[in-house]
Each structure stands twice: as C-alpha cells, then as structure tokens.
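Visitor: Keeping their order, the protein sequence lines are chains A, B and C.
Take 1 as the starting number for the first sequence in this note's numbering and just add one per residue.
Take 1 as the starting number for the second sequence in this note's numbering and just add one per residue.
Take 1 as the starting number for the third sequence in this note's numbering and just add one per residue.
Simulated from the structure, these hints should not be mistaken for lab results.
Using N, Cα and C, we set each Cβ at its ideal position, and we do this for glycine too.
You may find that some hints are simply not true.
Ranges between beta-carbon positions, derived for each pair [what the hints assert, rightly or not]:
#1 A:I50 x B:E97: 52 to 62 Å
#2 A:K337 x C:P114: 57 to 67 Å
#3 A:I8 x C:G105: 51 to 61 Å
#4 A:A293 x C:V162: 55 to 65 Å
#5 C:V149 x A:W362: 35 to 45 Å
Covered stretches of chain A, as calculated for chain C (at least 3 residues, CB under 8 Å) [unchecked claim]:
#6 106-119
#7 134-143
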Amino acid sequence: MSFWNDPIRFVAEWLQGLLTGWGLNQSFADVLLALLGALLLITFSLVLAIFLVWVERKVVARFQDRLGPNRLGPFGLIQPFADIIKLLIKEDTTPAGADKFLYNLAPVLALASVLLLWAILPLASVIYGVDLNVALLYLIAAGALGTLAIIMGGWASNNKYALLGAFRMVATMISYEIPMVVALLIPTILAGTMSVRGIAEAQGSVWFFFLSPLAAVIFLISAVAELGRAPFDLNEAESEIIAGFHIEYSGMKFGLFYAGELLHAFTFGGFAALLFFGGYGGFFGLQNLPAFAWLNNPFVQTPVFMLKAMLGYWVIMWIKYTMPRVRIDHMLAFNWKFLTPLALVLLMVTAVLDRWLDGSNWYAAGLFFSNVVIAWLTIEILRAYGRKQRKAEAARLGSDCAQAGAQSAQQ
Amino acid sequence: MSIPLSWYLVLAAALFSIGLYGVLVRKNAIAILLGVELMLNAVNINLVAFWRYLDPAQMAGQAFAIIVFAVAAAEVAVGLALIIAVYRRRKTVVADEIDLMKW
Amino acid sequence: MTGAQIVFLVCAGLILGSAVMVVTARNLMHAAFWLIAALFGVAVLYALLEAGFMAVIQVVIYIGAIAIMFIFADMLTRREVRESRAQIGRNWPLAAFAGLSILTGLVALILGQPGVSRTASAIPAGVDPVAALGTALVSPDAYVLPFEVASVLLLAALVGAVYIAGIVKK
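Full structure from sequences and hints, please.
Guide: In structure tokens form, the structure reads like this:
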C-alpha cells in the first residue's frame with residue numbers, strides 16, 4: 001500500500017503509529033483518529049459550501065444574463081468571504097415570544113442534517129466516511145432530521161409566516177419522500193445492495209441511468225422538492241409568505257440555513273451521480289483493462305466524482321432559475337396522482353424484469369425498453385386526460401355561450 | 001459488547017413505567033398518545049435486545065419489532081385523526097371531557 | 001468500564017430524562033420535542049445493539065413521521081389546552097404509585113431471572129442481519145403472513161384516518 005493508492009488509510013496508519021509511539025492507548029488513538037476523520041470531512045464540506053456560494057451566484061447571473069460577482073479577487077472568488085463577514089457582523093436578533101432554545105437549535109440541526117449525508121458519500125473507492133449496509137435508508141433518515149429542523153424553526157419563531165412556511169415544507173417533504181424512497185429502491189434492486197460503494201461498483205460497465213432513466217428523473221424531481229428549491233420553493237415563496245420558515249433568522253443563523261441549502265443541493269447532485277451516473281467510477285468497463293488501470297486511482301476518481309456531482313448541482317440550479325413556482329395544491333396533486341403511482345409501477349416492472357432477465361444478454365436492453373414503454377404509456381394517459389379536460393371545458397364554454405345567446409335573444 | 005443484558009431490560013422497564021405514568025396522569029388526549037409511544041418503544045428495546053443477546057441468526061425479535069413499528073404508525077394515524085375529529089365537534093382535547101358516547 | 005458502556009449510560013440518561021420531560025412538560029409542543037429526543041436515544045441504542053436497520057427505521061418512522069404527526073396535531077388543537085391550565089390529573093400520586101410498583105416488580109423479576117447478566121456473543125460470521133431480516137420477512141416459512149397483515153393494517157389505518165379526519169362536504 002502506498003500513498004498514491006490509498007492516501008487516507010496511509011496517513012491514518014502513519015498517524016496511528018505516531019500516536020501509539022507517544023504511549024497512547026490503542027483504542028484511544030482509534031477514537032481520536034475517527035474524530036479527526038469526521039472533523040476533516042465536515043471541514044471539507046463546509047469549505048465546499050463557501051465555494052458553492054460563489055458558484056451559485058455566478059451561475060444564476062449567467063442564467064439571468066448578468067455577470068455576477070466580479071470585483072473582489074479574480075472572477076469575484078473572494079466575494080463569499082465578504083458575504084460571511086457581513087453575516088457575522090449583523091445583529092443577531094431573537095423575536096419576542098420565541099422559544100429560545102428551539103429557535104437556536106433549528107439552524108444547527110438544519111446544517112447537521114446535510115453534514116450527516118457526507119458520512120456515506122464516497123468520493124473514491126477508498127475515500128468515504130462509512131460504508132453502511134443501509135446507506136440509502138440513512139439518506140432518508142437524514143432528510144427526516146431536516147424536516148424536523150424546519151418545523152422547529154418555523155414553530156419556535158412565533159411568526160405566522162414562519163409557521164405557514166414550515167407547514168408547507170413539511171407537507172412537501174413528507175409527500176415527496178414516497179417517490180424518493182421508491183426511486184432509491186430501484187438502484188438497490190439493480191445493484192442488489194444498499195451500500196453506496198456496492199452501488200457504485202455495480203455500475204462499472206453500465207450506468208443505472210441507462211437501465212432506468214425514469215427512476216433518475218423521479219429521483220431528481222423528488223430531490224428538488226426535498227430541497228425546497230424552485231419550482232417547489234413554497235416554503236420560502238418570497239412573494240407570498242416573505243421567506244417562510246427562516247423569516248425571523250438573521251446573521252449567521254440565517255447563514256447556516258443558507259449554507260445548508262446550498263450544500264444539500266450539491267449533496268443531492270452527488271447522490272444522483274452516485275446512484276445513476278456511476279459515482280466515482282463507471283467508465284463503461286474501461287477501468288478493468290490493464291492499460292486504463294490508472295482510472296481506479298483515488299486521485300482520478302475524486303475529481304471525476306466532484307465533476308459529476310457539480311453537473312447534478314448545475315441541473316438543479318438550471319431548474320431553479322428557469323421554472324416559475326408551482327401552487328401548493330398542484331404540487332401535492334402532482335405527487336400523489338402522478339409521481340407516486342408512476343414510481344410504484346416502475347418499481348414493480350423493474351423488480352420483475354430484474355428477476356426474469358437476470359444473467360441474460362437482454363438485461364440492459366430489456367430494462368431500458370421497459371422504461372421507454374412506461375414513459376410512453378404515461379404520456380399517452382396524460383394526453384388522453386388533457387384532451388378529455390379540454391373537451392369538457394369546451395362543452396361548458398359552448399353551453400355558456402348558447403345560454404348567453406338565448407338570454408340575449410329573449411331580451 | 002460488554003454490556004449485560006439486564007441493563008437493557010431495566011432501562012426498558014423504566015421507560016415503560018414512565019410511559020404508563022404519562023398515560024394515567026395526562027389530561028390531554030395527545031399527551032396520552034405520547035405516553036403510549038414511550039411504552040411501545042420500551043417493548044421494542046426489549047425485542048431488539050433479546051434478538052441480539054439470544055440468537056442473532058434468528059430474526060424473530062427484529063421482525064416482531066418491525067410489526068410494532070407498523071402498529072405504532074397505524075395507532076398514531078387513527079388516534080390523532082380521532083382526536084382532531086373530536087376537537088372539531090367539541091372544541092376540546094381533554095380526555096375527561098370527552099365522556100359521551102354520541103353527540 | 002468500556003466505551004460501549006459509557007455510550008449506553010449516556011443514552012440511557014438521555015432517554016429516561018427526555019421521557020420524564022415528555023410526561024411532565026406543561027407545554028405540549030415541548031413534550032413532543034422531548035419525545036423526539038427520547039426516540040433518538042432509542043435509535044442510538046439500536047445502533048449499539050448492531051441493529052443498523054432498526055436504528056435507521058427508528059429515525060425514519062418515529063422521528064420523520066410519527067413525531068411530526070404529533071407536532072401537527074398539537075398545532076391543530078392548540079387553542080383549548082393552554083399552558084396555564086393544569087396538565088396533570090388530580091390522581092397523580094396514584095398513577096405515580098402504579099408506575100413505581102410496576103417498575104419495582106419488573107426490575108425484581110428481571111434481576112431474578114437466570115442469565116440476565118450475560119453479555120452478547122459476536123454475530124456469527126456469514127450472518128448479515130439486514131439480509132436475514134429481509135429474507136425472513138418475505139419467506140413463506142417465516143414471517144410473510146404477519147408482514148402482509150401489517151400492510152393491510154396500514155392500509156386500513158390510512159383509509160380510516162382520512163375518513164375520520166377529512167372534512168366531509170355536505
């Protein structure tokens with residue numbers, strides 16, 4: 001084992017040798033190293049969040065035909081630090097009648113629920129926090145803590161807009177958790193494991209996106225809803241309830257919510273890359289050839305993974321800055337009447353085909369074709385439904401016109 | 001795993017008793033349900049502890065605990081729906097005041 | 001005292017302290033949030049028992065769904081039971097006596113059993129608890145019947161809750 005093949009373990013073993021050499025207890029050194037690793041991971045993701053502030057502002061500027069931050073440093077790279085200083089020196093207000101403890105706990109929990117996700121996100125085949133065998137359920141559990149943080153902040157703020165925002169957010173998150181869970185089950189079925197590394201390794205020759213593009217789309221939609229980003233940003237909805245659950249937060253407490261949201265978006269980009277686009281590997285079998293063995297090096301895998309995650313994040317931003325906000329009842333109806341049934345049908349078809357075509361040459365083609373058929377059927381059903389509605393509307397308008405004509409004739 | 005089984009059992013017994021106290025003493029119907037949740041959790045701790053300490057290859061303990069999860073979810077959904085329905089009609093959630101069979 | 005024992009004691013303190021707050025807090029919202037703390041402690045206990053699946057499910061179902069539902073119900077019925085009113089019935093000494101006697105009885109019973117001071121042996125190699133649980137829940141000679149009955153129960157609860165709490169249009 002050398003530094004180039006497994007940098008984290010190399011450094012960890014070196015440090016452990018150093019610590020035990022100083023006369024420390026073996027298990028105590030293990031605990032210390034685990035804490036150090038967690039600290040490293042959290043620091044990495046928080047520094048990344050600072051960078052994401054810049055990325056987000058630059059990209060939204062491009063979408064809106066502006067330049068974005070460009071004064072401080074090259075390409076405005078120093079701008080996020082100015083933002084942080086601004087947030088730090090702002091007055092830290094707590095509304096009268098607020099529940100102080102819960103009010104202060106909510107932003108911490110909101111950021112923590114995102115940082116928890118980084119524990120299971122593998123950056124390379126040897127760089128990961130922990131390889132749980134229930135990793136995808138852990139993803140849902142961390143989302144549940146995020147929901148909790150929002151309802152906590154919304155209630156403790158003692159503000160009706162905050163409470164309304166929290167209500168909407170919780171309704172959204174609880175509803176969209178169902179298609180999300182079902183969409184997560186599809187990579188689980190295809191890979192035969194819930195471990196994130198197992199899923200990444202299973203995509204060595206073909207990405208799950210090609211086996212089940214519909215699942216990727218469902219995952220993306222429910223992820224955007226889970227994030228509370230436009231077009232599902234009912235929880236903030238500046239023009240209706242001002243800023244929703246974080247209306248009363250100022251200074252760095254608001255900053256924690258904001259950093260949490262950006263990091264959450266990037267993390268979901270990372271999970272989309274991991275679950276459907278091969279994660280850190282997935283070079284279509286190239287990495288198994290001796291000439292391309294260097295593709296398995298962590299120093300190649302990590303940039304590849306970050307690039308894929310950034311692309312996923314970019315798609316989420318793209319959706320956010322080009323779509324108008326959806327109304328709350330439309331959004332819930334969309335979930336319960338469209339997304340959830342579609343996800344369940346897809347799950348059943350995938351499960352059956354996965355068993356039936358197991359080991360056959362038609363495995364990938366069959367799964368992809370089943371997705372195409374389901375998508376086509378969905379579109380046909382939607383089209384028929386739309387036509388029926390248009391006809392009913394036309395009939396209603398026609399009878400209205402006829403009545404109006406009859407009335408005017410009487411007069 | 002240097003923890004004796006009795007620690008888990010005593011903890012579960014204490015949690016169960018606290019939940020029972022809550023169920024008996026609370027006036028608010030929602031708070032009574034909170035106590036019931038504590039009691040169910042105490043049972044689940046026991047089930048999972050027995051699974052781990054007796055025979056980890058036999059999944060009876062965990063399977064039973066999962067059924068308890070399902071029952072708890074169903075109980076909360078129906079219980080809270082009943083409380084909300086009563087609240088709409090009677091404007092009260094105090095269990096003592098909900099004393100008529102029909103209104 | 002080993003690391004696992006310290007973790008257990010911290011968790012037990014969190015669980016029991018939060019549980020006492022659940023049954024005594026005047027503000028019902030606080031009681032619900034204390035319940036979440038207690039449930040989280042139980043999830044950590046499951047992780048300590050090497051039942052990772054149970055720990056994650058505990059957070060997803062209890063914290064993510066049940067506790068949130070309690071918070072919603074608290075908010076929807078908040079007007080009547082204010083913090084100023086007594087939250088505890090008059091017979092609380094009787095209830096405390098019942099709780100304490102059950103606790104002492106249970107503890108005496110538990111400590112009197114043979115083998116309660118045993119420690120767990122390691123999970124045998126080749127047994128993956130998650131895979132074993134998954135197989136057990138759907139295999140015909142194990143728990144497929146309870147599993148299906150539970151799903152029917154959940155469906156019935158879903159329909160019933162919607163019917164009872166739904167606003168009937170007349």
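Visitor: Confirm or reject each hint.
Guide: Structure-based check of all given hints:
no.: 1; hint: A:I50 x B:E97: 52 to 62 Å; verdict: holds (56 Å)
no.: 2; hint: A:K337 x C:P114: 57 to 67 Å; verdict: holds (58 Å)
no.: 3; hint: A:I8 x C:G105: 51 to 61 Å; verdict: holds (53 Å)
no.: 4; hint: A:A293 x C:V162: 55 to 65 Å; verdict: holds (57 Å)
no.: 5; hint: C:V149 x A:W362: 35 to 45 Å; verdict: holds (38 Å)
no.: 6; hint: 106-119; verdict: violated (count 0)
no.: 7; hint: 134-143; verdict: holds (count 6)
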